[in-house]
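Trainee: Given next are the chains, with one letter for each unit.
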Amino acid sequence: MSLNDLIEILISGITIGLVYFLIAVGFSLIYGVSRVLHLSYGSFFTWGAYLAWIFAVKLNFNYFWVFVLVCPILYIMGMALERFVVRPLRKRDNFDFNVLLAGLGVALFLDYAAQAFFGARTKSLPSLLDGTIQIHDFVFSYQQLTMLAAAVVIAFALWFFLEKTRQGLALGAVAQDPVGARIVGVSLNKVYLLTFGISTILAGSAGILLAPRFFISPLGGWKFLIKALIIVVAGGLGSIRGTLYSAFLLGILEALVGWLFGLLWVMPFWFLALLLILLIKPHGLLGSTADH
Amino acid sequence: MLDVSNLNTFYGQFQALHDLSLTVEDGQMVALFGPNGHGKSTLLKTICGLIEASSGSIKWNNTELAGLSSEKIVQMGVIYIAEDRHLFPEMTVMQNLKMGAFNLSARSSEAETLAYVLDIFPKLKILRNKPASTLSGGEARMLAIGRGIMSKPKFLAIDEPSIGLSPKLREEVFLKINEIRQSGVSILLVEQSSEEVAEMADYLYLMEDGHIVFKGHTNDALKDENIKKIFLGTG
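Just so you know, the protein sequences line up as chains D and W, in that order. Taking my numbering, the leading residue of the first sequence gets 1, the next gets one more, and so forth. Taking my numbering, the leading residue of the second sequence gets 1, the next gets one more, and so forth.
Honestly, the hints are just simulated from the structure, not real lab data. Be aware that one or more of the hints could be misleading.
One-sided and incomplete, this derived list gives chain W residues near chain D with beta-carbon spacing under 7 Å [to be verified]:
{"#": "1", "residue": "Leu50"}
{"#": "2", "residue": "Met76"}
{"#": "3", "residue": "Tyr80"}
{"#": "4", "residue": "Glu83"}
{"#": "5", "residue": "His86"}
{"#": "6", "residue": "Glu90"}
{"#": "7", "residue": "Gly100"}
{"#": "8", "residue": "Phe102"}
{"#": "9", "residue": "Asn103"}
{"#": "10", "residue": "Phe174"}
{"#": "11", "residue": "Leu175"}
This one's a predicted model, so the numbers in the text were calculated from it and none came from an experiment. Even glycine gets a Cβ: it sits at the ideal position worked out from N, Cα and C.
Work the whole structure out from these sequences, hints included.
Mentor: Here you go:
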């Protein structure tokens, strides 16, 4: 492996890692704010890609308009899930377990609906942008660069929302102390709605960004649910910074393993990395030692 | 004016408040004393909508609060300052204060309120970029009170503000609360017992097992040696 190979692996790993971060952070937000382990999360990843396929392939919109149109739909889907599935269960006993089962049910429903509408055969999305660019010895595809740029923009928008806006801070407030949040007049239900909406946008837009690279299939989201779970646990449940580090780490690992042995070996190595991290740090890279 | 009448609150089967009535006139400071675990905090939480009342009424300037969400109650200026503070540990002091002004009626005057809070608690200005989890007990108490003021209270329900503080800090916190009262905020203050609070308050209540067992004007109450002993915790 030459130095140039290594640099290419690093860049490719950071790019994919950032997209994985978007997927994982959405999953982590839902868990942190509403304490729901969201098992249908992967299906929204899939639906983001399918909705993009409708607009990009069937209706011939460019990617800018695809995002503008798909994001609100995802937002509404996420809020509907919270309002009509999660909230009724939250008022009842045995919420933690029942919401897991309900999540599985919703995932099955969404996956089979995708199969009914779009068929079982895989679909593909065109590149975000065609062409390549050469910088010194390196050749980058515009596809990769636009993916990186889009992921940076989304991650920055998320950071700005969570740290600099009052509604974003309210998400953190509910995650850190729900009673404290009620004391300052935050409505838990409104924050849950907002969180599900935003997280669904994160899952779905990651689905759009990755679709030109992987194929879209009705059950394709499960792999990304598992990836999100691994990243979040490795980073430390509830720590956004930990999620970022572990997404980069695992993204680079993916690029490295892909280069050395082929993409088939990525998931076994991810689990190996997770086990190693948990052996050294049982709460993940930046996880707090205190349970909520 | 806050007017609580015939209030009953349950935790499951256990009745925490029995047919409880209490009044706080505008601009008054009312102190509610009583031993631990006898329902004082429950009363404050019920007023502020954090616990649901089973029956009875809580009128704030003729609006019924019982049954309203805590969000609406906060918006009307009825604010709770918790004994266990409930700060946001990972947020900075400034972010905690900003969250205090979350409700719509507090937002428009946020800048002035912030200046006022930093004026009465200058320490918070120095600590502004520290995460709340790193504050000492006294600092966290001041932040909790400061965050409460950021919510633009007309009525403050303050739960044992002196708990865990040194005598010097206790006195400082009570002085600040008195300052807030003088700015026109009505206050219902809960303590187990406290001479300073008894002397600051206009009106005193004593609570046992979820019942009000004594109420009276401060001057009358403190004249009576038996009552005085109970209030000052020496009885």
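Trainee: Take the hints in turn and mark each one as holding or not.
Mentor: Structure-based check of each hint:
| no. | hint | result |
| --- | --- | --- |
| 1 | Leu50 | 6 Å, holds |
| 2 | Met76 | 10 Å, violated |
| 3 | Tyr80 | 5 Å, holds |
| 4 | Glu83 | 12 Å, violated |
| 5 | His86 | 3 Å, holds |
| 6 | Glu90 | 6 Å, holds |
| 7 | Gly100 | 6 Å, holds |
| 8 | Phe102 | 5 Å, holds |
| 9 | Asn103 | 4 Å, holds |
| 10 | Phe174 | 21 Å, violated |
| 11 | Leu175 | 23 Å, violated |
The structure fails to meet hints 2, 4, 10, 11 from the earlier list, while all remaining hints are met.
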